[in-house]
Structures are given as C-alpha cells and as structure tokens.
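**Student:** What follows is each chain in one-letter form.
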Amino acid sequence: MNAARTSAARAATTHAGESSTYDGPVLELENIGKSYGNVHALRGVNITVRQGEVTCVLGDNGAGKSTLIKIVAGLHEYSEGTMKLRGIVRQFGSPRVAQAFGIATVYQDLALAPLMSVWRNFFLANEIRKGPFLDIPTMKRICAEELTKMGIVIPDLDRAVGSLSGGQRQVVAIARAIYFGARVIILDEPTAALGVKQSGVVLKYIAKARDAGLGVIFITHNPHHAYLVGNHFVVLKLGHVALDAHRDELTLEQLTAEMAGGQELAELSHELRSVHPEKVVLPHDAPGGIEAPELDPNELAGMEDV
Amino acid sequence: MTTVTATPTDDRVATRSATATIMGRPEVGALIGAVAVAVLFLLVAPAFRSVGNIGTILYGSSTIGIMAVAVALLMIGGEFDLSAGVAVTTSGLAAAHLAWFFSLNVWVGIVFALVLSLGVGAFNGWLLHVTGLPSFLVTLGTFFVLQGVNLALTRVVAGGVSSNSLNDLDGFDSAKAVFASSFQLGSVEIKVPIIFWAALTVIGAIVLLRTHYGSWIFSAGGDSAAARAVGVPVTGTKIALFMGVGFCAWILGMHNLFNYNNVQSGAGVGNEFIYIISAVIGGCLLTGGYGSVVGATVGSLIFGMTQLGIFYAGWDPDWFKTFLGVMLIAATLVNLYVKRKADAR
Ligand SMILES: Nc1ncnc2c1ncn2[C@@H]1O[C@H](COP(=O)(O)OP(=O)(O)O)[C@@H](O)[C@H]1O
Ligand SMILES: [Mg+2]
Numbered sequence: 097m098n099a100a101r102t103s104a105a106r107a108a109t110t111h112a113g114e115s116s117t118y119d120g121p122v123l124e125l126e127n128i129g130k131s132y133g134n135v136h137a138l139r140g141v142n143i144t145v146r147q148g149e150v151t152c153v154l155g156d157n158g159a160g161k162s163t164l165i166k167i168v169a170g171l172h173e174y175s176e177g178t179m180k181l182r183g184i185v186r187q188f189g190s191p192r193v194a195q196a197f198g199i200a201t202v203y204q205d206l207a208l209a210p211l212m213s214v215w216r217n218f219f220l221a222n223e224i225r226k227g228p229f230l231d232i233p234t235m236k237r238i239c240a241e242e243l244t245k246m247g248i249v250i251p252d253l254d255r256a257v258g259s260l261s262g263g264q265r266q267v268v269a270i271a272r273a274i275y276f277g278a279r280v281i282i283l284d285e286p287t288a289a290l291g292v293k294q295s296g297v298v299l300k301y302i303a304k305a306r307d308a309g310l311g312v313i314f315i316t317h318n319p320h321h322a323y324l325v326g327n328h329f330v331v332l333k334l335g336h337v338a339l340d341a342h343r344d345e346l347t348l349e350q351l352t353a354e355m356a357g358g359q360e361l362a363e364l365s366h367e368l369r370s371v372h373p374e375k376v377v378l379p380h381d382a383p384g385g386i387e388a389p390e391l392d393p394n395e396l397a398g399m400e401d402v
Numbered sequence: 029m030t031t032v033t034a035t036p037t038d039d040r041v042a043t044r045s046a047t048a049t050i051m052g053r054p055e056v057g058a059l060i061g062a063v064a065v066a067v068l069f070l071l072v073a074p075a076f077r078s079v080g081n082i083g084t085i086l087y088g089s090s091t092i093g094i095m096a097v098a099v100a101l102l103m104i105g106g107e108f109d110l111s112a113g114v115a116v117t118t119s120g121l122a123a124a125h126l127a128w129f130f131s132l133n134v135w136v137g138i139v140f141a142l143v144l145s146l147g148v149g150a151f152n153g154w155l156l157h158v159t160g161l162p163s164f165l166v167t168l169g170t171f172f173v174l175q176g177v178n179l180a181l182t183r184v185v186a187g188g189v190s191s192n193s194l195n196d197l198d199g200f201d202s203a204k205a206v207f208a209s210s211f212q213l214g215s216v217e218i219k220v221p222i223i224f225w226a227a228l229t230v231i232g233a234i235v236l237l238r239t240h241y242g243s244w245i246f247s248a249g250g251d252s253a254a255a256r257a258v259g260v261p262v263t264g265t266k267i268a269l270f271m272g273v274g275f276c277a278w279i280l281g282m283h284n285l286f287n288y289n290n291v292q293s294g295a296g297v298g299n300e301f302i303y304i305i306s307a308v309i310g311g312c313l314l315t316g317g318y319g320s321v322v323g324a325t326v327g328s329l330i331f332g333m334t335q336l337g338i339f340y341a342g343w344d345p346d347w348f349k350t351f352l353g354v355m356l357i358a359a360t361l362v363n364l365y366v367k368r369k370a371d372a373r
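First to last, the sequence lines map onto chains X and L. Mapping of the first sequence onto our numbering: position 22 corresponds to residue 118, and the numbering continues sequentially without gaps. Mapping of the second sequence onto our numbering: position 100 corresponds to residue 128, and the numbering continues sequentially without gaps.
Isolated chain L, as found in the complex (with noise of 0.2 Å):
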C-alpha cells in the first residue's frame, strides 16, 4: 500500500501573475480611458497639441481633483456627499462675507471658513450617525439648506449675488499668493491649486494604502457593522471623512475666492455629480468599500481633457455634457469588465 504524503500547498490556486496583480489595480479603466480621451483630441484639436496647453488643461482638471480626491475616500468608506458641491461656494463666501462685513484682515475669514468647512463636514457625519439615514438623503438636506444658506446671506451682506471684492483688505496679497498664485515651469505656467491637487493625491492615497487608516476607510465601506464588531472605530471614521470632504471644499473655495476676487452665490450646484462621476470612473464602487485615490485623479483629468478639448477642437461645448454621460458608462463597463477578468486569473 502507498501513502502519500499531503502536500501543504494548495496546488488549485496559481500564484497570480504581474499583469494579472496590475489589470486588477481599480484605477486601470480610468487610465485606459484617460489614454483614449488624450489620443481623441491629440488627433482632432490642433490646440490640445502644445505644451503651453498643458498648464490650462491640469488646472482646470485640479479644480475637480481637489474635491474628487475626497469625495473618492468618502465613498470608498461607504458614503455620498451630495453637498461638497455647494460646499466649496459657502467656504468662499463666508470668508468673503465675514471679512468684508467687519473689515477684518482677510486671513481672519480663511480660517473662520475652514472652522465652517471643517463644521459641516462633522456636521453630516454626525447627522448620519444621530438619525442612521442614508448619507444620500441627508446630504441632500445639507444641499438645499447650504444652496438657501449661499444666496439668502449673500443678499443680505453683499446686497446681490455675488460676494464684494476684498482687494483693500489687509492680508489679500499674501491670501492671494497662497491659494491664487502661478509659478512658469519652462513653457508651462502651474497654478497654485494644481500642487495642492498633487499634494492631496499623495497625501489620499498613502493613507488609504499604507496606514491603518486605509483599512477602517475600506471596511467601514465594506462592511461597517463587521468593522465595528472587530473594534474599528466606524461612526469616527466616516466623521472624518466628511470632514476631509470638508477640508477640500475650503481650500477650493480659498482659491476661487482669491482668484476671481469675489464669489458667486448660485456656483458649485451640480459640481457635486462631477467629483463623484470622477471617483467612479477612477474605479469607486457606489457599494463602497472599493476604490482609489489616484483613480479619482485621473478621472479629473479625463474631466479636464474633455472640458478643454471640446473647446479646442472647435466642438459647441454643449456636447461637454452628453460626453460625460457616455465616458460615465463606459469607464464604468470597463472598470467591471477588467475586475472580472483580473479576478478570473
């Protein structure tokens, strides 16, 4: 009689390969696509072509990634913020209002709007918590009252719809030299938001792949109540990620406050959809617990492309939006379609 000896090792399971570890990355679809919309307009606008182009088509991509990385991370622990959008406006305003209402050196209200953006962050997490609604529904709460918030104060202070310029102020040039300013990096000239976009990519993405807090971000999305029951503090992470929401939306509203001196009361409705259709092309599930910042990144940047490639190209920018919806859909197959087969190797 023979006896054989058991093999420790599960011969069933192939060791994955290289490419099969890469494909099942969730940012793929977003870089195949980010690679497909740069060689559509690489082709079609002549414009999209020179490098001076560069510097315009990566801000207008960082005034979406600065909010799409957050809304990322939010969304990978679990949850939607339908008021990041309006969000960024109230920061503008209400260092605008506060400063140019009492004549305060300008500082005065960037920091008095970070407390507020920091506040409303908290503010939703804890709803969320407090009533255990869907973040859906009571983002949508804070939606509207931020959206009635913007407009009504706005015409109380500044007496139309837009805030009063701060150029007197004290402290407006060193503001504006931090959140408004450019620098030329050989042909290309960078404005400032695009380091902070950079910046909180790295910043996003090490904490989400390398500390222990990537790990109760993708579990509270996963799974909260089994996050909780193995003692991963969920109700606090997920108040933090509000709060990072709430942070991009104060340095956004700093930097279009000081660049076009005054902000707009009715601006940043409908952003919202766009940081989160820049998540979920960069590979987000809307389920939560899956995802990636540098995903959410490059979905800026199709977004950027886009926007500046239609109007280089000589397209009516009508079109801009019609664009998206497909992209939306498309990158979403592609992200599904690449999962399963990094899956089934």
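For reference, chain X alone in the conformation it holds in the complex (with noise of 0.2 Å):
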C-alpha cells in the first residue's frame, strides 16, 4: 500500500454545492490575475487540472510560479478572474480552507517549524486525536513509515526539525503533502534542493499520487524532471502563460527550449565558447578580485523583468 492511496482513501468529503458523481477536471482557473501594489505577478492565467494527470508549470525565477499556487493553496485572494473546484467557482480564505477541500501543498519558501519535532511538524493541523489528547505512538509511527517510504531515515523523531539538512526537511514536507493530500497536491520546485536519487523518489511519488486519482501540480524550472512525469505542460513567462501543451503536442526539445525561449539557449551556447570549459588553471597567486564578466546590452535587457 502506499502513501498516496491511503491518502485518497481519506478523500476530502464532499462540500456544499458538489455532486458526488463530478468527472470533469478538478480544478479550473480562468483568467485569474494578481497584482503585489503596482506589481502585475500574473495576468489572464488560464490553467486546468485534471484528477489522474500530472500539470507541470514552468518558468523562470519571478514568472509567477509561486504566485499561482499560492492562490490554488488559499494562501493569496486572487484579484481577477474566476478559479472552479470540481466546477464551482471558489475564493479561499485562507489555507485551512483550501485544505479542507483535499488541497496539499508544499511550499517553497514556507518550511516547518524549525525548533519543533519532525513527528509534530509532520502532523502540524493534521493531528490524530485520541479524545482531547494527541495520538503520539500513532503520529510517531506513521511518521517514520511515511519517511522510511520515501527513503529517508531519522531514528529520533523528536529531533527538532531544524537539525535535519535542507533535503530531509524538503522530504519531510513532500512526504506531508502527499500523505495529506486527498484531491490536489501542489509541489513548488520540491527538487530544487535535493540530490539525483532523492530527486528520483520524489518523482517516482508524484507518478504514484497521479495513479491514486490525484491532481497533481509540479512546479519546477527543470524541463527534464518535468517531462519525465508530466501529462500537461504550462509555462510561464512574466506572468502570462506562454505555453500550454499537452504531452503528445509536444518533445521535450521543445520544452527545453521555449523554457529557454527558443534560439536563446543557441545564443548562449555560442556566447560562452569564448569560455574554453576544457580548460584547467594551474594555481598561481591570485590577483585578488575576479572582475565581473562584461555582458551585451540585449542580455542586460533580457534580465530586467526577472
């Protein structure tokens, strides 16, 4: 048995307004946008989520990644357009709500608790009850089998979260997401800080919550982790979807390179020959100082909106 199927065992119950019976995609955003003040992150969104599929979203740093899903995760209001839960139009007001409607996430740059044990974080508003007190040994337990699951092992559950390493603690939050995510899981570059194999576990995983019945969203900026998964690709670009494709549309040459945006990765193959990467320095006295690589004006253009 794994982690996603007992998850979507305790499926997120039916709310006000839905039919039991619903089989068209789990979520739709339409048009949605957010502005930060005079900030536009995103404008006229367009993206649908299907149960059972996987939806990568790329894009480079600031294209409005995180913005998006923080809007599907309840933790920003969206200023315009219209987002559907099983084709109802929703808002939610905060995550708990989001969460109650089987929505998971794990974010990129909210982590755990640092000073709190790993079983506590793990089960942080989750926490199973035995009348008014926790369920330790049950917590405790299920904690370790789901982090035995994804192939870690931390033999003292009270340790305080802040004493793992940057990757365990990511694998802490996946393995929270995934085991508490009944309908949508949303994953923020979750491999950005992990090594090859852990990065492989992770994404073994969201193949396993996607043949659970989940809708999966994966978000990275890495084109190859999200064609080895992906069912449905969105990139995007300075806020607006540039790309929307499903998988048979598409190789992932073309991912990788509107990902790039197109000719550029060619450009800068070229720039950097100059570069020599077979050289090797012997060492010598340092001059003190590296000066700064002299760039072209189009390139410093190219880095304005980011």
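Derived by calculation from the structure, the hints in this document are not laboratory data. As the structure is a prediction and not an experimental result, all values here were calculated from the model. Glycine residues also receive a C-beta, built at the ideal position from the N, C-alpha and C atoms. Honestly, I wouldn't trust all of these hints.
Claimed, not checked - With a straight-line cut-off of 25 Å between C-alpha atoms, the simulated SDA-like cross-links for lysine to any residue are: (1) 236/X <-> 234/L; (2) 236/X <-> 235/L; (3) 300/X <-> 341/X.
Claimed, not checked - Restraint-style ranges between C-beta atoms, simulated for each label pair: (4) 224/X <-> 346/L: 49 to 57 Å; (5) 176/L <-> 134/X: 36 to 44 Å; (6) 357/L <-> 185/X: 57 to 65 Å; (7) 368/L <-> 131/X: 39 to 47 Å; (8) 173/L <-> 300/X: 56 to 64 Å; (9) 237/X <-> 160/L: 35 to 43 Å; (10) 368/L <-> 233/X: 23 to 31 Å; (11) 158/L <-> 226/X: 33 to 41 Å; (12) 119/X <-> 315/L: 45 to 53 Å.
Unchecked claim - Some, not all, of what chain X presents toward chain L, calculated at C-beta under 8 Å: (13) 171; (14) 211; (15) 229.
Combine both chains into one complex, guided by the hints.
**Tutor:** Structure follows, in structure tokens:
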C-alpha cells in the first residue's frame, strides 16, 4: 500500500453544491490575475488540472509560479478571474479552507517550524487525536513509515526539524503533503534542493499520486524533471501563459527550447564558447578580486524583468 | 564484482542516549538553578531550613508562577505581554469598584472582572493582528493605558489610591474562601494560590505537550507564516494565548483583592518583567517557538526562594534585584550551554 492510496482513501468529504459523481477537471483557473501593489505578478492565466494527471508549471525565476500556487493553496486571494474547484467557483479565504477541500501544498519558501519535532511538524494542523489528547505513538509510527518510504530514516523523530539537512526537511514537507493531499497536491520546486536519488524518489511519488487519482501540480524550472512525469505542460513567462500543451503535442527538446526562450539557448552556447570548458588553470597567486564578465546590452535588457 | 546491498538505516546518526534526551529538555537549566539557589540559602539562612517556611516560600512563588505559566505559553507562541503586571491590578480593581460602587454581591464584580480581563487579552491579540505591530509595542501601549485607568478610576470611585474594603458586601466570605483561604498540611500552611499555581502548571504542560493546541502554539511561535500556510489558525491561537494571560491575571487579581481586602491602584508595575524572566529562566526563547511551562514554574520557584532566602539570611533586600539580574543571565547561559550539548550528542 502506498502513501498516496492511503490518503486517497481518506478523500476529502464532498462540500456544499458538489456532486459526488463529478468527472470534469478538478481545478480550473480562468483569466486569473494577481497584483502585489503595482507589480502584476499574474495576468490572464488559464490552467486546467485534471485528476489522475500531472500538470507541470514551468518558468524562470520570477515568472509567477509561486504566486499562482499560493492562490490555489488559499494563501493569497486572486484579484481577477475565477477559480473553480470541481466546477464550483471558490475563493479560499485561508490555507485551512483549501486543505479542507483536499488541497495540500509543499511551499518553496515556507518551511517547517524549526524548533518543533519532526513528528509534530508532519502532523501540524492534521493531528491525530484520542479524545482531547494527541495519539503520539500512532503519529510517530505513521511519520516514520512515510519517511522511510521516501528513503530517509530519522532515528529520533523527537529531533527538532531545524537540525535536519535542507534535503531532509524538504522530504518531510513532501511526505506530509502526499500523505494529506486528498484531491490536489501542489509541489513548488520540490526537487530544487534535492540530490539526484531523492529527486528520483520525489518524481516516483508524483507518479504514484497520479495513479491514485489525484490532481498533481508540479512546479519546476527543470524541463527534464517535468518531462519525466508530466501529462500537461504550462510555461509561464512574466506572469503570462507562454505555452500550454499536452504531452502528445510536445517533445522534450521543444519544451527545453521553450523554457530557455527558443534560440536563446543556441546564442548562449555561442556566447560561452570563449569560456573554454576544457581548460584547466594551474594554481598561481590570485590577483585578488575577479572582474565581472562583461554582458552585452541585449542580455542586460533580458534581465530587467526577472 | 561484489554488490553492496543498501542498508536502510543511516548509521551516521546515532540514537540519542536517555541522558541526552533529558538534558535536551528546556527546563533543565532552571532545575539546576533551583537546586543551586536552594543549596545556597540552606547553607546561609537557618530559617530557610525550617519545614514550616516551605508554605511561605511556595506562596511567594505562586504569586509569580500563576502568571508565569500563561506568560510562558504566550512567549512560546512568539509574543510578549508587557501589560501582564498591571492587568492583575486592573482585574482586582474592576471587581472591587463595581461591587462597592453599586453595593452589589461581590460575585457580580468577580464575573465582571473575568470578562474584562479576558477582553483585555483578546484586545491585545486582536490589535496585534490588525496592526501587524510587534507585541512588544502593542502591549506597551496597553500597559500605559491600563496603568492610567487604574490610577484615575480609583481616584474617581474611591477618592484615593486604593479600592474600598468589600468586607460588608454579600458574597465576601465565600469569595474569600475561594480565592484567599488556606489549610494546614502537617506543619506547612498551604494557601490556595499554591493550588491554583499547581493546577495551571499541570494544565498548561498538558496542553502544550499532549494536545494539538500545543503544536499550534509551538508552530505559531516558531514560524508563523509556515504554520498558517499548513492550516494552523495562527491569529486565533495568539488571541487565545493573550486571553490565557488575562485569565491568570484575573485569578491572581482576585487573590490579591480578597487576601488584603483592597487593591492599591499603582500595584503590579514592573511585575511583567518578573513573569518574563521566570519564563526565560525556565527555558523559553525570546524568539518564540521553544520553551516549557514546567520550566517557568521552576523559574517562579527560584524567585520565591530568592526573595525569602535573602530575607531569612538577613541580607539587605535591596540586593534582590541584583540577584535577579545575575540569575537571569546565568540561567540563560546554562540553557544555551545545555541545549548545545544535547544537540551535539
Ligand atoms: N509578496 C510579494 N510582494 C510583492 N511582490 C511579490 C511578492 N511575491 C512575489 N512577488 C513578485 O511577483 C513576481 C512573481 O514571483 P513568484 O511567483 O515568486 O515567481 P516564481 O515562483 O515563478 O519564481 C516576482 O516579480 C516577484 O518579485
Ligand atoms: Mg517560486
């Protein structure tokens, strides 16, 4: 039995206005827009997430990926457009509401409580209770099982999360979302801090969550990771949807090219030829201070929006 | 070619020994301090050794500990309450003035004081939420407001700096029995606030360590944005913690009122720091997210022992504050040292 299936078994209860036989897309964003003061982080974004599919959202730093998922997770309210969950327009007032609708999230920038123990963090806001009290043995057991499945072993779950490595912390957060996500799991750059092996484990879990019938939103800026598991690809650029394509309509090369901005990659390799990657320099007295490489005006213009 | 089967366990992380686990508890520093202070005064103050004085020491500690428990929970939740000292006086005065002015049954005043104290706590929490200001600032404001109200209203209602005696009002005897009675336990006199203190410590420790509210408190203090993002009602938790301080201020305020039959309008100023210091000695971090209710109770005990120990030893009580300062820094250093040792093991 895998984690995704156990969580799916505890699927979110149906809410007001929902029919239990609904089989349309679980989540539809129509013309969603969001501004932070005078920064338009998102404009006119349309995304459809189906259950049993992995929807990958790609984009450069600052493209608006985190803003997008914070809207779905109930952390931010959208200022334009509509968000439909199982066909009904919703605006989540808080993450607690989003969770009650079965949406679990791993945030890129919001971690765990550093001085709190691993098991308490794992079950935070989803505690298992026996009467008014915590059922600590059960919580520790489940936590240990779920972490072991993800390939990390923490012998002392009473240890503060702050004493774990960055990768281990990330795995705890992912394991938690996978365990508690009932309808939609959102992962914001989950593999960014992980090594190759653990990235592989996370990608496998994404596939397992899909197999269990959950809608997965996988955010990354790595097209290779996305293409390994994705059914649907959305590329964000400066808050707009630059590409929205199904797997059939797209090759990895096209996706990579779209991410890098088409022929820009070719230009980059041309630019970097003068770097001589095969070169090795013998140790010698450092001149002290390395001059910044010179950029041409085109490149500088490209960086302004990032 | 040999293949190495992957071992599922990571042998670099040894299981922590039992001693390391115990030494890792936040209240260890306070316990060491309490033993040191007890030994010191047992040696230098003969009266400290008399069993009968245990009741006096515990009583002195309880008048700090009742508040320190609530203040520690609030600090673990990441906030301060600088109005905690005067809030005790406000509660006592509210009950006294209302009952005396309208010649009501004192229990009416007591209930009014409870509602008011909880209201002040809720207001602190709400103001913190809507303004987004640090609690240090918000409750400093409440501190001055309450201090002014205490003095001004007492002058208006009672014409002086203390509330009028409630001796003749209905319900006085039953209220005194509830809030300010005592009983003998062998040769030790147990005043009722000691029972309140013990009960609050037990309840506070259970809430923190054995209920989901404890997780909410730790996470609200440790990283409130992350806690909110996973669905912890952070604002509600913090408001409840401020109301907890209000509740304890009410208990202590009622004790003071019925113990002395009146309340001085200028009392309580400065006590907020004693509560905070008790919590810090007990292992609470100023940054929130870490600490212990039991530790705060031991911190209060250190205070009670010191206060009376200095008196019994015949030293000039002026030294008390100096002693406090030394205690605070020493305890914080011990806490830090113990925590590092335990983490490194
Ligand atoms: N809380 C905020 N306040 C103001 N601007 C923000 C905030 N969060 C993000 N932004 C801006 O919105 C844009 C998109 O950010 P983000 O969604 O974090 O991008 P990504 O996750 O794709 O790297 C950026 O220009 C960023 O500076
Ligand atoms: Mg991001």
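**Student:** Would you check the hint for residue 236/X and residue 234/L, treating anything up to 25 Å between C-alpha atoms as holding?
**Tutor:** Holds - the C-alpha atoms of residue 234/L and residue 236/X are around 18 Å apart, at most 25 Å.
**Student:** Given the range 36 to 44 Å, decide if the beta-carbon distance of residue 176/L to residue 134/X lies inside it.
**Tutor:** Between residue 176/L and residue 134/X, where Cβ atoms are some 42 Å apart, the hint holds.
**Student:** Is 45 to 53 Å right for how far apart the beta carbons of residue 119/X and residue 315/L are?
**Tutor:** 49 Å, holds
**Student:** Take a look at whether the Cβ-Cβ distance between residue 224/X and residue 346/L falls inside 49 to 57 Å.
**Tutor:** 54 Å, holds
**Student:** Take the C-beta atom of residue 357/L and the C-beta atom of residue 185/X, compute their distance, and say whether it sits inside 57 to 65 Å.
**Tutor:** 58 Å, holds
**Student:** Taking the beta carbons of residue 173/L and residue 300/X, is their distance inside 56 to 64 Å?
**Tutor:** With Cβ atoms ~59 Å apart, the hint holds.
**Student:** Could you say whether the range 39 to 47 Å given as a hint is met by the Cβ separation of residue 368/L and residue 131/X?
**Tutor:** 46 Å, holds
**Student:** Hint residue 211/X vs chain L: min CB-CB distance below 8 Å?
**Tutor:** Hint on residue 211/X: holds, closest Cβ of chain L at ~4 Å, below 8 Å.
**Student:** With respect to the beta-carbon atoms only, verify the hint that residue 158/L and residue 226/X lie 33 to 41 Å apart.
**Tutor:** Taking Cβ atoms as reference, residue 158/L and residue 226/X lie about 37 Å apart, which means the hint holds.
**Student:** Was the hint right that residue 171/X lines chain L, CB cutoff 8 Å?
**Tutor:** Check passed: Cβ of residue 171/X comes within 6 Å of chain L, closer than 8 Å.
**Student:** Under the criterion that the straight-line Cα-Cα distance not exceed 25 Å, is the pair residue 236/X, residue 235/L satisfied?
**Tutor:** At roughly 19 Å apart (the allowed maximum being 25 Å), residue 235/L and residue 236/X satisfy the hint.
**Student:** Check whether the Cα positions of residue 300/X and residue 341/X lie no farther apart than 25 Å.
**Tutor:** 22 Å, holds
Checked against the numbered hints above, the structure violates none of them.
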